[in-house]
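K.L.:
Each chain, written out:
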Amino acid sequence: MFRTAARRLLGAGFTTSRLLRLPKPRPTTIIPYSYCTSSTESPIGNQSVNPNQSDPTATSSSTAREEGHRRDENSRKPRAEFEEEQARVLAASLRHVPRLGWTEEAMIAGSRDVGVSPSIVGSFSRKEAALVEYFMDDCLQLLIDRVDSGLDLQNLIPSERVSKLVRIRLEMQIPYMSKWPQALSIQAHPVNVPTSFKQRAMLVDEIWDTVGDGASDLDWYVKRTVLGGVYSTTEIYMLTDNSPEYRDTWAFLDDRVKDAFDLKKSIQEAKYFAQDIGAGVGKSFQGLMNGVMQTMSTRGGRSSAF
Amino acid sequence: MALRSISRRFGSRVLSYRSSSVASLHSHATSFGFQQVKEEEKSKLVGNVFSNVASSYDIMNDVMSGGLHRLWKERLVGKLSPFAGMKHLDVAGGTGDVAFRIFDAVNSVKRRALRKVDEDSLEETQIYVCDINPNMLNVGKQRAAERGLGDNKSLVWVEGDAEALSFDDNSMDGYTIAFGIRNVTHIEKALAEAYRVLKRGGRFLCLELSHVDIPVFKDVYDLYSFKVIPNLGELIAGDRESYQYLVESIRRFPPQEKFATMIADAGFEKVEYENLVGGVVAIHSAIKL
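These protein sequence lines map, in sequence, to chains D and A.
If you're matching positions, the first sequence starts at 1024 in the working numbering and goes up one per residue.
If you're matching positions, the second sequence starts at 849 in the working numbering and goes up one per residue.
Same shape as in the complex, but just chain D (with noise of 0.2 Å):
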C-alpha cells in the first residue's frame, strides 16, 4: 500500500516491480523510442518541452512501456537498446569504482569492459551522478530482494527490526566505502539534489513498509523523516568507524533508533500529559464562571468580583 502512495507522490523513478525483472528506466531517460526529443540543458536555450520529467501520471505510461518493453524483445530489436546498454555500462564501473571513484574515468573503464566505445559515457545527462543514482537503486532492488527472499522478522520488535533493515542496506556500501564520501558530495549537488532525495525517501518508505508499521496522515512523513535522520547521521558515521567489522557503527544505529522510538513515545506521553493538565484546568475555569455568574444573579445589579 505504501509502495503505491510512494509511487504516486515521488514519481516514476521507482517502476521495477519484484515480479518482472526489467532493466531500470531511468529517473532522466528520454521516451525510449529512436524517436527526437529536445532537452533543456541549454542556458541560451529557450525550449522547455521535457517529456520524460516524472510526474505523478507517469507510471501508466511507465507501465505502459514495461508492456511495450515485453512486446518488442518478442517481435524485434528492443527499442531500449540503449538504456539497458547504459545500465550495463554503469554496472561495469562500478567494479572499477574502489580505484577511480565515481568518476568518469570509471565509467571509461566500464565501457570498454562491456565492448562500447567510451563515447557513450557523454551520453549520460549527469555522468557521475548517474553511476551513483544508479548503484543506490541497485541496492534498494537488493534489499527489496533480500527482505522477499525470506528474512526473518518476526521475532524482532519494531525497532530491531528497523535496526536490522538499515544495516543490511549499510552493509552494502562497505566495499566502496573508503570512495563514498565522494559519492555523498556527488548527491548533495544542487543539480542532483532531486534525485537523490528521492531515492532516500523511497529507501526509507521500503523500509517502514517492510517493518509494517500502519501508519496515517502527519505520523506518515514524521516517520519517514525521524528514520531518514537515523539513516543519514549512521551513513556518516560509518565513515570515519574503523572498528572491526564496523561494530561502533551498528552500536551508534542502534542507539539512535531506541532513541527514535522512545521519541515517538514521549511525544505520545507530552500529548496527554498535555491533555489532562488542560482538562483541569479547563474543569476549574469552569466551576470558578459558573460561581461567578451565581454570584452575580443573585445579588443582582450590585458589581462584585472582577
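For the record, the hints were derived by calculation from the structure and aren't laboratory data.
No incorrect hints appear here.
Straight-line C-alpha distance at most 30 Å; calculated DSS-like pairs for lysine-lysine:
id : chain 1 : residue 1 : chain 2 : residue 2
1  : D       : K1246     : D       : K1288
2  : A       : K1106     : A       : K886
3  : A       : K1037     : A       : K989
4  : D       : K1150     : A       : K1106
5  : D       : K1281     : D       : K1221
6  : D       : K1150     : A       : K927
7  : D       : K1202     : A       : K927
8  : D       : K1287     : D       : K1246
9  : A       : K921      : A       : K1075
10 : A       : K1001     : A       : K1047
11 : A       : K886      : A       : K1075
12 : A       : K1075     : A       : K1106
13 : D       : K1281     : D       : K1294
14 : A       : K921      : D       : K1150
15 : A       : K1037     : A       : K892
16 : A       : K927      : D       : K1221
17 : A       : K921      : A       : K1037
18 : A       : K1047     : D       : K1150
Mind docking chain A on chain D? Use the hints.
P.N.:
Below, chain A without anything else, positioned relative to chain D:
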C-alpha cells in the same frame, strides 16, 4: 511500440514523397539555396562557394554570429565529452575550429593530471579532420601551424567526401559535423556513412543552423538573414552570392524534428536535439548501438 511503428511509417512516407518529387523532374535535382540544380552540379557549386570564402571564413563567422559561433562550438565539444585515446572524425571541419577544441579538451593540463595510468590510455588520441575542399583544409593546416601543432601526430587532415568516407567501418569513437551537413547533396548518405564509421557506443553530433519558430524573433531573424548578411558578405569577403546561398540553404534544410527522424532512420539510437538561441542553431546528438 505503436509510436515507433508510426514513426517508421511516417519516415518511409517522407522518403517516398521525396523520391516522387524528385522523379517528377526530368533528372535528379536538388536544391542549391532557393535554386533547383542538378545533383551533379550541387557539389561543384558548393565547392566554388567554399573556395571563395575559405580565406575569410572565420572572420565572417565571427561577424555574422556576433562571436556566438564560438560558444556554440564549445557547447558541441562539451556535449561530446572527449577522452584520451579517442579516435574522432570531424567532417566538413575545414578550418579546424571543432578539431582544435577537441584537441585542447583532451590535452588540457587538468585532464592530464587526472589521467590514471591505464593500459588503454596509452593509445593515442587521433582527430581526423575531413573536408571536401582543399582550400578549407589548407587554412586549417595553417592555423594548426600557428598554434604550434603543425607536426602533431594527433591531428590528421584528410580530403574526403562526407557521402563516401575513406575510413574503415567501426573505427571512430566520435563523429561531429559542424555547419557542414547543410551543404551535402544527399543527407541520408552522409548519415549512413556516419553510422558506418562509428564504433558501437560511438556518438554522432551535428551542429547546424536550423529553424526558428518563435513568432517575433523569427521575423527579426529573417530580416537579419536576408538583408544584413549578404551585404556583410559583399563588404567583408567581397562575395555576395556565396552568402546569399548560405542564407537560402539554411531555409531549405529540414527542420529539427524532421532531421532527427532522418538520423533515427539511419539506425541511430537516443536521438535528441537541443535548440540554441531559440532555434537559430540546433545540436542533434545520437548514439550508435
